[in-house]
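Trainee: Construct all of the structure, not just a fragment, from the sequences and the given hints.
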Amino acid sequence: MAKYLLILIILVSTAAAATENKIAFLKGKAWINGKQANSKQVIQYGDSIKTGKDSLAVLIVQPGATLKLKSNSEMIIKKPRISKTINSQSFILKTGEAFVKAQKTKTNRYFVKSKNATFGVRGTQFFVSAIKKDNVWMCVNEGSVAVKTQASKKYIVVNAGEGVVIDSPKLPKARRYTWTKNLNWKMNGSYNEIKDSTIIENLDYDIENFDYD
Amino acid sequence: MIKLILLTLCLGSLTTLAQDNEPSKRSHAIYSGKLTILKSLNLDQTHRLKLKLAIEAGSTYTNSDHTSILAGTYYTLPYKQRLGVFISSHTGTRHNDDWNIKQGNWSWKDTSKRSETILHLTHTIKKRLSSLPLIYELASEIQHNTFNEQNSLLLGPSIHYFHLEDGLPHLSTRVKLPVYFALNFGEEKIYKYGIYLAEIYHYTKKVSIALNYEFLVERWSTSDDFDRLNPNESYMSEEETNKFSVEIIGSF
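Chains as they are written, first to last, in my numbering: chain A, 73 to 285; chain B, 7 to 258.
If you are wondering where the hints come from, they were derived from the structure by calculation, not from laboratory data.
Glycine included, every Cβ here is placed at the ideal spot set by N, Cα and C.
Mixed in with the good hints there might be a few duds.
Keeping only pairs whose Cα atoms sit at most 35 angstroms apart, straight-line, the calculated DSBU-like set for lysine-lysine is [stated by the list, open to error]:
#1 A/K94 / A/K112
#2 B/K56 / A/K226
#3 B/K119 / A/K166
#4 A/K220 / B/K115
#5 A/K242 / B/K115
#6 B/K211 / A/K166
#7 A/K156 / A/K204
#8 B/K212 / A/K220
#9 A/K187 / B/K133
#10 A/K225 / A/K151
#11 B/K56 / A/K245
#12 A/K204 / B/K249
#13 B/K212 / A/K253
The following label-pair restraints were derived from C-beta to C-beta distances [claimed, not checked]:
#14 B/I43 / A/K187: 30 to 36 angstroms
#15 B/I131 / A/W257: 58 to 64 angstroms
#16 A/N264 / B/I75: 25 to 31 angstroms
#17 A/D283 / B/L161: 45 to 51 angstroms
#18 B/L89 / A/W103: 17 to 23 angstroms
#19 B/G256 / A/R247: 28 to 34 angstroms
#20 A/N281 / B/L183: 53 to 59 angstroms
#21 A/E214 / B/T210: 31 to 37 angstroms
#22 B/L161 / A/W257: 42 to 48 angstroms
#23 A/N231 / B/L140: 21 to 27 angstroms
#24 A/K187 / B/T210: 27 to 33 angstroms
#25 B/K45 / A/N231: 36 to 42 angstroms
With the C-beta cut set under 8 angstroms, the calculated list includes, among others, these residues of chain B facing chain A [said to hold, decoys possible]:
#26 K45
#27 L47
#28 K132
#29 R134
#30 I255
#31 G256
#32 F258
Mentor: Below, the structure is given as structure tokens:
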């Protein structure tokens, strides 16, 4: 009897662990709601996760989203809205940069909101940067993302290899960015395997605007 | 027979005289330093002005001083186009009519103290070639010299290759082929042409340092003095200039 009880407890705890949101990887420092966090720590809906300088955190949010937060980033995990047909999960990127990988299903919808735009994830992998004061950068590695600014009623679809810069209330235009391929999209592995060294401030340098004479 | 010999000698001496009266073909090097400041002003989301100030000083053909100052603005147009309006002031510039005779001797006039004002109207199309860090550009410019009312057209196709590191240019190389057309002066439609090379070190996003080399061929056609004394003759003489300059570019 005790043996069966033990097996049941293990199965239940494993099942529970599989449905828990947690910090799957942490390098450096992170805080959950202002309190210092550690690797494997459970995250609750509504929590604010913040990474420190030279830090990297990988979060798993059930049922199928993985987020990689770069240093000096802050993200809020909202409570999902569950209906009969669609489960809608939102993340608010307050500042910093995040890679998002969302499992494509018929019933799960994911949204990432930044200060001036909402990104509707359609089962995909994308990167969003909200470190600059006046604009937000987003690019897609796999799948597609619907982008809507706070002021617009319409949205545009950004496909793999494309990106947008949102620097006004108007809907941006998606275009191909070569730097999309230079981002480190890996979510699993050691720190050196998953860290991304892209400096976003350098990416908006348009060589067409360099004037010489 | 003697008359024939004398006639031959006279014709020969006349030919010799005419050659002494023409500018001889020369090749020389000149050096200069330049400072260029560019300041962008966004008028709205799609329209932009770029103010430009350029100051240059160096040696001229006769190793005396040459200075120039240019100021004006670019205005961004759709489809990667740009219009520019500038005014410049120069010293040390030479023209066809500066080939003068003085006390029986032909020479170039010393223009190192002469100031000339030129008005410039430019049009540029600039485009990046696919995903390569390579920009091609076609610049055209109308110049009006208020000193002698001469008008010129400059066409200058160029390519500019950027060596990028982490998305920012580290070094870039530019090649330009300028051709100058005389619109209302001289006997040669193309009075100047050459090749221009620049190697630019992008110290920061805002400051660059350029090493420039320009090889120019200038074609001098008949001056007023020569025409007055030799109304039935003309000449075309070429002069090659190798210009080396260092330029600091600040873009804010």
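Trainee: Hint by hint, say whether it matches the structure.
Mentor: Results of checking the hints against the structure:
1. A/K94 / A/K112: 6 angstroms, holds
2. B/K56 / A/K226: Satisfied, since the Cα-Cα distance of roughly 34 angstroms is no more than 35 angstroms.
3. B/K119 / A/K166: Roughly 63 angstroms between the alpha carbons, so the hint for B/K119 and A/K166 is violated.
4. A/K220 / B/K115: Distance of about 68 angstroms is beyond 35 angstroms: violated.
5. A/K242 / B/K115: Not satisfied, since the Cα-Cα distance of roughly 61 angstroms exceeds 35 angstroms.
6. B/K211 / A/K166: 28 angstroms, holds
7. A/K156 / A/K204: 39 angstroms, violated
8. B/K212 / A/K220: 33 angstroms, holds
9. A/K187 / B/K133: Holds, at roughly 33 angstroms.
10. A/K225 / A/K151: 24 angstroms, holds
11. B/K56 / A/K245: 24 angstroms, holds
12. A/K204 / B/K249: Given that 35 angstroms is the threshold and the Cα spacing comes to 43 angstroms, the pair is violated.
13. B/K212 / A/K253: 26 angstroms, holds
14. B/I43 / A/K187: 30 to 36 angstroms: Cβ of B/I43 to Cβ of A/K187: about 34 angstroms, so the range 30 to 36 angstroms holds.
15. B/I131 / A/W257: 58 to 64 angstroms: Once the Cβ atoms are compared, 37 angstroms apart, the range 58 to 64 angstroms for A/W257 and B/I131 is violated.
16. A/N264 / B/I75: 25 to 31 angstroms: 54 angstroms, violated
17. A/D283 / B/L161: 45 to 51 angstroms: The hinted range 45 to 51 angstroms is violated for A/D283 and B/L161, with Cβ atoms some 19 angstroms apart.
18. B/L89 / A/W103: 17 to 23 angstroms: 53 angstroms, violated
19. B/G256 / A/R247: 28 to 34 angstroms: 29 angstroms, holds
20. A/N281 / B/L183: 53 to 59 angstroms: 23 angstroms, violated
21. A/E214 / B/T210: 31 to 37 angstroms: Taking Cβ atoms as reference, A/E214 and B/T210 lie about 35 angstroms apart, which means the hint holds.
22. B/L161 / A/W257: 42 to 48 angstroms: With a Cβ separation near 46 angstroms, B/L161 and A/W257 satisfy 42 to 48 angstroms, so the hint holds.
23. A/N231 / B/L140: 21 to 27 angstroms: Given about 26 angstroms between the Cβ atoms, the range holds.
24. A/K187 / B/T210: 27 to 33 angstroms: 28 angstroms, holds
25. B/K45 / A/N231: 36 to 42 angstroms: Check passed, 38 angstroms falls within 36 to 42 angstroms.
26. K45: Given a least distance of 11 angstroms, the restraint on B/K45 is violated.
27. L47: Result: violated, 13 angstroms to nearest chain A Cβ.
28. K132: 6 angstroms, holds
29. R134: With a closest approach of 5 angstroms, the B/R134 hint holds.
30. I255: Status holds, d = 7 angstroms.
31. G256: With a minimum Cβ separation of about 11 angstroms from chain A (threshold 8 angstroms), the hint on B/G256 is violated.
32. F258: Since the shortest Cβ distance to chain A is 11 angstroms, the answer is violated.
The structure is inconsistent with the numbered hints 3, 4, 5, 7, 12, 15, 16, 17, 18, 20, 26, 27, 31, 32, although it conforms to all the rest.
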